[in-house]
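> Whole structure, please, built from the sequences with the hints as guidance.
Position 155, counted from 1, in the sequence shown is what our numbering calls 155; the numbers after and before it change by one each time, with no gaps.
Take these hints with a grain of salt, some might be off.
What the hints assert, rightly or not - For each label pair, taking beta carbons as the anchor points, the in silico distance ranges come out as:
1) 80 x 264: 42 to 48 Å
2) 43 x 78: 28 to 34 Å
3) 46 x 169: 47 to 53 Å
4) 169 x 285: 30 to 36 Å
Claimed, not checked - Pairs of lysine-lysine, DSSO-like flavour, derived with a Cα cap of 27 Å:
5) 136 x 203
6) 203 x 105
7) 270 x 136
8) 136 x 271
9) 225 x 136
10) 271 x 225
11) 105 x 66
12) 225 x 270
13) 105 x 169
14) 225 x 203
15) 35 x 105
16) 66 x 35
17) 35 x 203
18) 136 x 273
19) 66 x 136
Hints in this document: simulated from the structure, not taken from any laboratory. Nothing here was measured: the structure is a model prediction, and the numbers come from that model. All C-beta atoms in this analysis are idealised placements derived from N, C-alpha and C, irrespective of residue type, glycine included.
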Amino acid sequence: MNVLKDQEDAAASKVSSRWLGEVSGLVSPPDVYVKVFDLMESPTATADDMGMIISQDPSLTARLLKIVNSPFYNFSSRIDTVSRAVAIVGLRELYSLVVAVSAVKSFSAIPNDVVNMDTFWRHSIYCGIISRLLAKRCNVLHTERLFIAGLLHDIGSLVIYNRVPDIAKRMLDTANGDEEMLFAIESEELGFTHADLGGELLKQWTLPESLQEAVAFHHQPGRAKGAKMEAAIVHIANVLANQSELGAFCEVKVPETEIDGAVWVATGLKKDKFSREEVIGEAGIQFVETASLFW
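Here it is as structure tokens:
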């Protein structure tokens, strides 16, 4: 059975990779991203080197400094330069942040013909906030990376909306707000899902494997290979976001999705003591301020 699933994963990966090649103009990050990645791979790179490259993009610089000086990080003193941010946040963490900010900007031009983009980004940000909250409860290091996984968990959907808008709209209409039904319809119609596509996209962007798996398996966390904790957290966050008033994937009321039983073992969270309402409420308090940073 596992061999069959691995073959299905490989086939989905091959098709989704080809799709990404066909929409390279949409999903290619800005030049500064490539320079940052090359620098990150250099053993002699310094925080000042990183700061110099990012500072070439004033808009990105302003957005990053706004984020690192916000309650999102809650540092005790103000950070005025990107190089200082690199020194405190870390090279790889800031790299992931650069990719996330760039991704939101790159996909912001998609029209609302297929889906309400305001609703899409509210759901994505809400999922990111809940992922970070759960990561803290699970004592995960660098909880910001789970925010990024949650923020980008449906990024593959945007490629589908751009590549085959008519098919995407038909699938969305058929699912009528039911994400699990949409997931199954995508697999049947396309041969892969938005989760497969998202995982491949993060792989092309050379984000950490843990984030790739969290996105690729957020509907099926039990199938994650090495990042079971991360996939489980984003899965729970996605379910809870859909139950919230602000973060629902669709404005249509749909049946409550069950949380996959595999996540309780992966995260160590206790099902009988877990309060969905408490987590959703806490995320709601953080939503407005966090949304202003990324969206």
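> Does each hint fit the structure? Answer for all of them.
Going down the list of hints, with the structure as the test:
no. : hint                  : result
1   : 80 x 264: 42 to 48 Å  : 44 Å, holds
2   : 43 x 78: 28 to 34 Å   : 31 Å, holds
3   : 46 x 169: 47 to 53 Å  : 48 Å, holds
4   : 169 x 285: 30 to 36 Å : 34 Å, holds
5   : 136 x 203             : 25 Å, holds
6   : 203 x 105             : 19 Å, holds
7   : 270 x 136             : 15 Å, holds
8   : 136 x 271             : 17 Å, holds
9   : 225 x 136             : 22 Å, holds
10  : 271 x 225             : 23 Å, holds
11  : 105 x 66              : 15 Å, holds
12  : 225 x 270             : 22 Å, holds
13  : 105 x 169             : 23 Å, holds
14  : 225 x 203             : 15 Å, holds
15  : 35 x 105              : 18 Å, holds
16  : 66 x 35               : 22 Å, holds
17  : 35 x 203              : 17 Å, holds
18  : 136 x 273             : 16 Å, holds
19  : 66 x 136              : 22 Å, holds
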